[in-house]
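All chains, please: the whole structure from these sequences, using the hints.
Protein chains: 4
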Amino acid sequence: MDRYKVYILGATGLVGQRYVQLLARHPWFEIVGMAASEKSAGKRLAETGWVLEEPPPPEVAEMRLEKLEADKVPKVDFVFSALPSEVAAKVEPELAAKGYTILSNSSNMRMEPDVPLVIPEVNPEDLSLVEKQKAGRGWRGAVVKKPNCTTTILNLPLKPILDEWGIERVHVVTMQALSGAGYAGVPSVAIMDNIIPYIKGEEEKVVAETRKILKADFDVYVTTTRAPVLDGHLEVVYVDTKRDFGLEAVADSLERFRGLPQELKLPTAPEKPIEVKRQIDRPQPRLDRWAGKGMAVVVGRLRKLSPRKLAMVVLGHNTVRGAAGNSVLTAELMIANRV
Amino acid sequence: MDRYKVYILGATGLVGQRYVQLLARHPWFEIVGMAASEKSAGKRLAETGWVLEEPPPPEVAEMRLEKLEADKVPKVDFVFSALPSEVAAKVEPELAAKGYTILSNSSNMRMEPDVPLVIPEVNPEDLSLVEKQKAGRGWRGAVVKKPNCTTTILNLPLKPILDEWGIERVHVVTMQALSGAGYAGVPSVAIMDNIIPYIKGEEEKVVAETRKILKADFDVYVTTTRAPVLDGHLEVVYVDTKRDFGLEAVADSLERFRGLPQELKLPTAPEKPIEVKRQIDRPQPRLDRWAGKGMAVVVGRLRKLSPRKLAMVVLGHNTVRGAAGNSVLTAELMIANRV
Amino acid sequence: MDRYKVYILGATGLVGQRYVQLLARHPWFEIVGMAASEKSAGKRLAETGWVLEEPPPPEVAEMRLEKLEADKVPKVDFVFSALPSEVAAKVEPELAAKGYTILSNSSNMRMEPDVPLVIPEVNPEDLSLVEKQKAGRGWRGAVVKKPNCTTTILNLPLKPILDEWGIERVHVVTMQALSGAGYAGVPSVAIMDNIIPYIKGEEEKVVAETRKILKADFDVYVTTTRAPVLDGHLEVVYVDTKRDFGLEAVADSLERFRGLPQELKLPTAPEKPIEVKRQIDRPQPRLDRWAGKGMAVVVGRLRKLSPRKLAMVVLGHNTVRGAAGNSVLTAELMIANRV
Amino acid sequence: MDRYKVYILGATGLVGQRYVQLLARHPWFEIVGMAASEKSAGKRLAETGWVLEEPPPPEVAEMRLEKLEADKVPKVDFVFSALPSEVAAKVEPELAAKGYTILSNSSNMRMEPDVPLVIPEVNPEDLSLVEKQKAGRGWRGAVVKKPNCTTTILNLPLKPILDEWGIERVHVVTMQALSGAGYAGVPSVAIMDNIIPYIKGEEEKVVAETRKILKADFDVYVTTTRAPVLDGHLEVVYVDTKRDFGLEAVADSLERFRGLPQELKLPTAPEKPIEVKRQIDRPQPRLDRWAGKGMAVVVGRLRKLSPRKLAMVVLGHNTVRGAAGNSVLTAELMIANRV
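Residue numbers (UniProt numbering), protein chains in the order written: chain A, 1 to 339; chain B, 1 to 339; chain C, 1 to 339; chain D, 1 to 339.
Be aware that a few hints might be false.
Since the list gives no way to pick one copy over another, a pair counts as held whenever it fits inside one copy or between any two copies.
Said to hold, decoys possible - Derived lysine-lysine pairs resembling DSSO-like cross-links, with alpha carbons at most 27 Å apart:
#1 LYS67 to LYS5
#2 LYS304 to LYS67
#3 LYS200 to LYS43
#4 LYS309 to LYS212
#5 LYS304 to LYS200
#6 LYS132 to LYS205
#7 LYS309 to LYS200
#8 LYS205 to LYS309
#9 LYS242 to LYS304
#10 LYS134 to LYS215
#11 LYS205 to LYS67
#12 LYS215 to LYS309
#13 LYS205 to LYS134
#14 LYS242 to LYS309
#15 LYS277 to LYS200
#16 LYS215 to LYS304
#17 LYS132 to LYS215
#18 LYS277 to LYS39
No lab work stands behind these hints, which were simulated from the structure alone.
Written out as structure tokens, the structure is:
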């Protein structure tokens, strides 16, 4: 089949590089162009400070980055955006009005009621907001958002628990990877031999986005911290359920959890969106972040602390499942579902 | 005045080195000997792999380590023990029976009802168990324990909150320093670019010891993790109080908290046992672990999440306040109080 | 074709795990068994503390480890040994006498004149020592050694330079990865925020082995240090050549270098054994250690400091090219060459 | 005595903070003001992202930073400058012309023949250039430079070797700390689990400055790398001497080395400018960087590799001896010497 043409905005950041990595050899997509800030415009991708664990995909390593200009984006099927939120807030609506379908990583617009905020396994039905968005705004295109990385990793295991046992409240403490702050986000002098117990804006996002995604009104208490880890957000979660549960039943429910992407066998869908580890000292960021090619979350240390209190440790790859991978999977779902 | 004579058991480990550091220039104490494992016996202290941030105190750098033998410990006023728990379980009762007063860092005996488990600012009254212990066991000496490092750092700020607002339950997630596991405890290959979400035996200790120290029966839910930080345990704590609180009142209560060691102006007592940080991104292990010369805990990110739910981040130096320093302060209290 | 049967000694260490990873899906080899120390014997491989970046290969994850006993090793075509040298010194000769062909990672026997010490691209001719070894020792099998990891990574780029310009002397300073010391080799408390400027026995090995491999008598001055890096040894090398050189000619010679494994298209042979980086800040361990699937060394910062003084920075994956990968490639060469 | 009034330019950077730390309680100096970039101007020092291991000195914690304006610097005895070089290149000459004596950390002007580039123990005589500078430029004040941090740490041990045995050539490889690049200089994502084998402009500086300081024309071959270490530059040095040497004689010569600052008992002068370590695995950055309160360099691994080839490992605190401390000591020397 002819491949869908895609364009990447903000291709040189850490999430942008993941987009490139995931899309360059994707069976359904073809990268026809990439835009970046003025500093990188005109350079070949390979010259722009690629820092992922593998070199830039040869398919696009020689492609030249273009300067980001909304009226020069070529005609494509999907635009993947990893722009800084303040830039995205201007560029994305402009492109959507012109007819582009934008899968966006940026935090602007996430909480607007006509904007889908989608984890494909959890709330695929929210993609139907696209039609409402187009109609209400008079846009020919649309903006589809992925949640904050911490939210996505948290919501995947909460979904089957919510469905089977109900949730009263959740206490969360995260230890988040450096890549979540972008390439220059955390100076080495700030984080070596250290932990920083605050990430600007993060806690509010997790609370608000979780409610929007799960359509549930339980309380979410979150403390987010930055740890000296390259990739992989670890989250310690205490869940007060509405109904009593069995520990094995929870483990089983998490392991058997499947969503529409698995049903449709989408190319980027992990076989199991949630993997359950039985070893007592897992999940660990460095050992488990690549589960399901970075698209699965790994749950461990399942403990029943009282009749309706569950404890668990959750890990996910923040720039794959938590960012670029989630958007690519969403685009696949839109194609498969003809949204 | 003549100084009290002290002896150190297990002087070459990370906690043992802190004992040496704190006691070598202490105004009240004089180190008259140190014992270590067979491997180090006979060596000068300076030859035994000293790894603290400052060199061995010149006063004792040339002192030779003795082989640990219970019947060769000289007559001293206090024995400070940083032995592995399985060794301590044999040696400490033997020494206590003979008349030695042992301030011990090891986890054996901590939960026995006649054994004081003391944070000097929190439960100094438990030192009265010493007499009960001697009488009940027919010992001429006694064993006095310091709690697990994580427990000590947690209980200091819980104490004033408990006293003023009552506590219903506590959710805790820790990020603990490498030094807490001892010199060879965590291989570098295991922890670089990683977090390990499990520390053997730790969670059970925090729960049980907190109840013993605070004499309270609220629920304590704890998840302990190991992070790539040299010194300083960080603890994220959610406290459900019994009564509504004001955030400033809590901050004020923590800052004003003083205990018997402050009243008695003991040499190792920090002026403020609890420091409250107003900067939003504190406490941080590397920047705050030396508060009060390592004897203060630092509390930050105080938040009121609902009428009776408080969130805070607590930090303490695990081998000073959490270990050797707490025991030295306890010995000072015993002297001042003529226990 | 029928695959060659192989057995792994010391399968649970960091090099042992690399052997498993490389051999489990190898087109020519089939793992028929694995031995480990008493502690791991009887366990399934997946239960034994696997720490590589990818999970244990499913082909062997359920295979049970056997206790190392020289007289219970099954009949196989090759034995790959990652035993501690003091164990290897006893076991390997015993197995060789019985007829096993042993590809060994351990340092014992390396300098014996009838023992091949082989980098397949550099000195494949030394495999002919196998016949001499068998004859001289009356063994039915033989021991073939791979050099010290630092030696291998150094000698690959020295070889084409030696051949074209001659070498007078070499000054080397290394920054070596933690995995080179084995899983528990470097405590985290020892190396975080630190460098250790000494590795026991390493410098002597590099000097002696380089002379044996290159059959050259130039002076080698080496200082080896341990750095907080997981995988990948970095080596800064100053080469005094015998003849004047052009910088581009050297770069070209390194890039064009090919050996017998490339000629024979052996499965584990990297297309280019030496990759030359032009970016001024490369090679870097984290970004370049997987060049050629860990089998290529990467050279950068080529500088001409005086008419016959060349500077360069060399990087190689210490447990792949520097250890298990080099031995697997050697076995392939023995098969192809019918040694 | 009345204390000399000093002013600090660029007080919020890592070197600026060291200036503050060293000068706030200095027996001879009194900080009367501090200037910083527009971003920090008007803030109290304690509010500006202090990151050293100890909190800001209480003496100046509440002092407000001023905006850097050359015509608003108050009348002081010394100006200590930690400005970025491009800012310093404009501001320093302007201030010097007006009559200020500037002790500067920045790299501009270092190689100008009338500018002293001083390590107080090594080339105190070069302070006499101040008069020449004033006369030649018609300035009422003067600019005095400290060398690049790597140069200073290297030149201290080279000096006694040069004096006693002569030097033919030197090969150097450095592993430099993160603080040397400034607070935001090295992103954590760039350096974790990594080494970067290039530091812009550094190698050229070490070569040129060494020749100026030691007034010697031997060859200096340098490769500088960045390592994941907070403070403390490690340098592996091979010295080809002109005359044969005894290893103990070299150790002795280094240990006995004293300069004018020691003779004059200047307050910041370490008792021994060079400490020699006999333990085979020293110096190490984390354990040895505070030798002589950060003002001593530590030398270890002294080896004689051939009759006239010496190897050694050198360590120094890059922001103390390598930067602020060296300038403070220079100011003390100017006072004592009435320059």
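Going through the hints against the structure:
1. In this assembly of identical chains, the alpha carbons of LYS67 and LYS5 lie at most 27 Å apart only when taken from the same copy (19 Å versus 52 Å across copies).
2. Taking identical chains as interchangeable, the C-alpha atoms of LYS304 and LYS67 are never at most 27 Å apart, the minima being 53 Å within one chain and 38 Å between chains.
3. In this assembly of identical chains, LYS200 and LYS43 lie within 27 Å of each other by CA distance solely across copies; the values are 21 Å between and 32 Å within a copy.
4. In the homo-oligomer, the alpha carbons of LYS309 and LYS212 lie at most 27 Å apart both inside one protomer (23 Å) and across protomers (23 Å), since each shortest distance falls under that limit.
5. In this assembly of identical chains, LYS304 and LYS200 lie within 27 Å of each other by CA distance solely across copies; the values are 18 Å between and 32 Å within a copy.
6. Only within a single protomer do LYS132 and LYS205 lie at most 27 Å apart by alpha-carbon distance; the minimum there is 24 Å, versus 55 Å between protomers.
7. In this assembly of identical chains, the alpha carbons of LYS309 and LYS200 lie at most 27 Å apart only when taken from different copies (21 Å versus 29 Å within one copy).
8. In the homo-oligomer, the alpha carbons of LYS205 and LYS309 lie at most 27 Å apart both inside one protomer (24 Å) and across protomers (20 Å), since each shortest distance falls under that limit.
9. Taking CA atoms no more than 27 Å apart as the test, LYS242 paired with LYS304 passes in both settings, with 14 Å inside one copy and 24 Å between copies.
10. Taking identical chains as interchangeable, the C-alpha atoms of LYS134 and LYS215 lie at most 27 Å apart only when both belong to the same chain, with a minimum of 22 Å there against 62 Å between chains.
11. Neither within a single protomer nor between protomers do LYS205 and LYS67 lie at most 27 Å apart by alpha-carbon distance, with minima of 30 Å and 37 Å respectively.
12. When the C-alpha separation of LYS215 and LYS309 is checked against a cutoff of 27 Å, the pair qualifies both within a copy, at 21 Å, and between copies, at 24 Å.
13. Proximity of LYS205 and LYS134 under a CA criterion of 27 Å is satisfied intra-copy only: 25 Å inside one chain copy versus 57 Å between copies.
14. In the homo-oligomer, the alpha carbons of LYS242 and LYS309 lie at most 27 Å apart both inside one protomer (9 Å) and across protomers (20 Å), since each shortest distance falls under that limit.
15. Taking the closest pair of Cα atoms, LYS277 and LYS200 come within 27 Å of each other only across two copies (17 Å); inside a single copy the shortest separation is 31 Å, beyond that limit.
16. Taking the shortest Cα distances, LYS215 and LYS304 sit within 27 Å of each other both inside one copy (25 Å) and across copies (24 Å).
17. For a Cα distance limit of 27 Å, the shortest separation of LYS132 from LYS215 inside one copy, 18 Å, qualifies, whereas the shortest one across copies, 59 Å, does not.
18. Taking identical chains as interchangeable, the C-alpha atoms of LYS277 and LYS39 lie at most 27 Å apart only when they sit on different chains, with a minimum of 23 Å there against 44 Å within one chain.
In this structure, the earlier hints numbered 2, 11 are contradicted, and the remaining ones agree with it.
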